[in-house]
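Asker: Okay, here's what each chain looks like letter by letter:
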Amino acid sequence: MAQAFATTANPDELAKFEAMADSWWDPVGKFKPLHKFNPARIAWVRDAAALHFNRDATTERPFEGLTLLDVGCGGGLLSEPFARLGFKVTGLDAAAKNIAVASLHAERNGLEIDYRCQLVEDLAQTSERFDVVMTMEVVEHVADVDLFLRAAAHLVTPGGMLVGATLNRTLKSLALAKIGAEYVLRWLPRGTHDWRKFVKPSEFAEALRAGGLRVEDLKGMSFDPLMDEWHLSDDLAVNYMLRAIKAE
Amino acid sequence: MSGTTDIPPIDLDAPDVNADVLIVGGGLVGGTLACALAQHGISVAVIDSEDPEALVEEAYDGRSSAIAGACQRVLEGVGIWAHMDSGHQGPGGGVQPILNIRVTDTDSPLHLHYDSDSVGGPMGYMAENRTMRLGILARLDELKDKATLIAPARMADHGREADGVWAVLTDGRRIRAKLMVAADGRGSRVRDAAGIRLVSWPYHQSGIVMTVWHEKDHRGIAHERFLPGGPFAILPLPGGHHSSLVWTEKSRLADHIMDLDDDLFHAELASRFGDFLGEVKVVSKRFCYPLTLQFAPTYIDRRLVLVGDAAHGMHPVAGQGMNFGLRDVAALTERLVEAHRLGLDPGGADVLEAYQRWRRFDNLLMLGLTDGIVRLFSNDIAPLRLARTLGLAAVNKLPGLKTFFMRHAMGDIGRLPKLMQGTGL
Ligand SMILES: Cc1cc2nc3c(=O)[nH]c(=O)nc-3n(C[C@H](O)[C@H](O)[C@H](O)COP(=O)(O)OP(=O)(O)OC[C@H]3O[C@@H](n4cnc5c(N)ncnc54)[C@H](O)[C@@H]3O)c2cc1C
Ligand SMILES: C[S@@+](CC[C@H](N)C(=O)[O-])C[C@H]1O[C@@H](n2cnc3c(N)ncnc32)[C@H](O)[C@@H]1O
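From first to last, the protein sequence lines stand for chains A and B. Each residue of the first sequence is one higher than the one before, counting from 1 in this note's numbering. Each residue of the second sequence is one higher than the one before, counting from 1 in this note's numbering.
With the rest of the complex left out, here is chain A (with noise of 0.2 Å):
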């Protein structure tokens, strides 16, 4: 843990990313398990993001006019649907191959989207702000939490929102997502999460309390295999996501 300088990267983590970047749009590849999620987990931040903004989710963009930023982007596997949704994304992710692989894809889709590679501390230094920023199974990777919770919470527009998601530290967890997923179902390769670094829930709100958000809603995301699907539930215990907002 020790670190010269506050830095949110890990650089085992990012090199890890870096070494799988080219399946980031397989659907059946490495990343297969966030291809899963993508349905389940558009669909509450979508309605959350309606709901704040008064916005009708079944119409065409409903967030045109809006802007989002993707924290850990990845590929682009949130980046892109949030932007056929209408709003006008910045993608940050720390992985230079994880940018060019995200960028490239968008534009064979002909979506414009801004991606960068650049860390969120770096980004908060700036006067940009977001009407919504989202990060997704990305502090579980991260080498200062509170940094980067800190970070990403400054980011945000007051009258904003933000959504997170990632894995919670519970025995559960450690059973199910560590050594359950890694191990007996291989859905995700060998040592992709270090179990430590799991973020529990109250760790999570308490870091965007200091970066001036609220928490208002947390949920649980559960599995099911008969019908191959994720779906929302109540159990935090292992996958969970939350929503916060900043005052006006």
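Watch out, some of these pointers could steer you wrong.
[As the list claims (entries may be wrong)] Lysine-lysine pairs mimicking BS3-like chemistry, simulated, CA-CA at most 27 Å apart:
1) A:Lys172 / A:Lys97
2) A:Lys97 / A:Lys219
3) A:Lys88 / A:Lys36
4) A:Lys32 / A:Lys97
5) A:Lys36 / B:Lys418
6) B:Lys146 / A:Lys88
Calculated from the structure, these hints are not laboratory results.
Let chain A serve as the given structure and place chain B with the ligands on it in line with the hints.
Answerer: Chain B with the ligands only, in chain A's frame:
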């Protein structure tokens, strides 16, 4: 299709038509799907090898279809029904509610009687296929911001890749999309090109189809008779004095009947039709269709889905071919609209798998059921005849069972897509 092409897909970056979904085949099923998707903001390009003008001429397709209640709701929900239901209601146009269905067995005094009072509303509707085609064309025109109909047109080549699908037409026009839908009917070339092989059983039976005029009003009653050669259906058309006939016979006999001159043909017909509607005259050409049961073992492939007859064909005894195609439409539309509203790729594997899971079970069940009915009723073996006579009587006596059969005939069984429940998406 062909292995080589002068235009590699990379040159399609500036195609003539860019859409979310490319539908190959603008028949009853493909056309309805195009309207359903466009209405929900999903852009579609539809190509059909036939000229739309020719498609609505009587000689192209003299058939009429029975439209089950749940399917009528689909047509209503996507704005096609309003065009079918308005204007001239009579021979050549409009829709006829089916108020009553009478099923009878050969020489048997027992009847199976379905009537609209016990389900609260018509059992379904009859309309000429051309009425539905005209309705689809009118609706596509209203939706032209999102729907492009390209016809007559043929594909010279097409491909499905990781990122999307493309087609080059014989006239050089190019289309790019995220998903390709094979709605090109029984002989689907798109399905064949994908290497999806059909499983099929010929029935060695043919359906002779025509429109008749009759002296007395049919009062909205449909008749289905199980004759030794196969089912004989009299289906009421708009206006009261026309009905559509579907007369099933062993294929060899059907060919022979088709060759008879008008007088002899009429004599054969009259002996089966009876005189309960007074004088009867054939007023259309005779059409003859060989009947086979066929289904594709899989409905999906990379960025491809099969719908309608391209995926499954069944014996028309239950009048369900088009109706099952419309269930495909309702289910696929629901899945694609869901994905669209999540900003997800409409050709994504998960979207397609969810569609397949939903539809395949339903269709196989129906194919099995239809096949069972045909085998039971196209048979002159005495014990079987007795069994079906008793069967009909039993179904009649048990209200629960009858309602089940009735709802089944109306397309109301299974987990219904929202469009079939008459609720919006
Ligand atoms: C005698 C008979 C009676 C029937 N009665 C009923 C009934 O009462 N109720 C009912 O529900 N069903 C009935 N059916 C079944 C029903 O007609 C079909 O299920 C229905 O028409 C299928 O529609 P489709 O759009 O899938 O296929 P089709 O109607 O076959 O349409 C396919 C379309 O694709 C086009 N096409 C084909 N190849 C290509 C190509 N390579 N490129 C571009 N375009 C192409 C064609 O021009 C056509 O427009 C009956 C069938 C028969 C044979
Ligand atoms: C599990 S992926 C999640 C990708 C994407 N958010 C999703 O859910 O589909 C984690 C991503 O976080 C990125 N990442 C890790 N540490 C980071 C940091 N300190 N700053 C920005 N991105 C980081 C990784 O490069 C990787 O792309």
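Asker: Enumerate the violated hints, using their earlier numbering and listing them in ascending order.
Answerer: 1 and 2
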